[in-house]
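Novice: Sequence:
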Amino acid sequence: MSPPEPNFLKMMQQMTQLIGQLTQAVSPMENLRVPEFETPSMKEPDSFHGTQAHKLREFIQYYQLIFHNYPENSFSDRKKVLY
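Heads up: the sequence shown begins at 16 in my numbering, then just goes up one per residue.
Think of the hints as simulated: they come from the structure by calculation, not from any bench.
Incorrect hints may have been included.
Capping the alpha-carbon separation at 27 Å, the derived lysine-lysine pairs in BS3-like fashion look like this [unchecked claim]:
| no. | residue 1 | residue 2 |
| --- | --- | --- |
| 1 | K25 | K58 |
| 2 | K94 | K58 |
| 3 | K58 | K70 |
For each label pair, taking beta carbons as the anchor points, the in silico distance ranges come out as [as the list claims (entries may be wrong)]:
| no. | residue 1 | residue 2 | range |
| --- | --- | --- | --- |
| 4 | P43 | Y78 | 42 to 48 Å |
| 5 | P43 | H69 | 56 to 62 Å |
| 6 | F90 | A68 | 46 to 52 Å |
| 7 | P86 | V41 | 39 to 45 Å |
| 8 | I34 | D92 | 51 to 57 Å |
| 9 | P86 | G65 | 25 to 31 Å |
| 10 | H83 | L37 | 39 to 45 Å |
| 11 | E73 | R48 | 34 to 40 Å |
| 12 | H64 | R93 | 52 to 58 Å |
Built from N, CA and C at the ideal position, the CB exists for glycine as well.
I would like the entire structure built from these sequences, with the hints used as guidance.
Specialist: Put into structure tokens, the structure is as follows:
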């Protein structure tokens, strides 16, 4: 097996230096926090008592928005009814 060529060794040294510089440049960035996206909070809808049928659709749509906007709560059917 023949020894490596001088150009190859020089390129390897340069690459090692560049990797070191890149690592130093990236290290401070690891401490930066990316803000998490939060869904804007929604106010509770008016209670639906069944006396005004035309408000039923709005009431149901509102809760559908809540259940879709907060998937981290993983609403089961039971939780949706109790909510």
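Novice: Output the indices of the hints that this structure fails to meet, ascending.
Specialist: 1, 6, 7, 12
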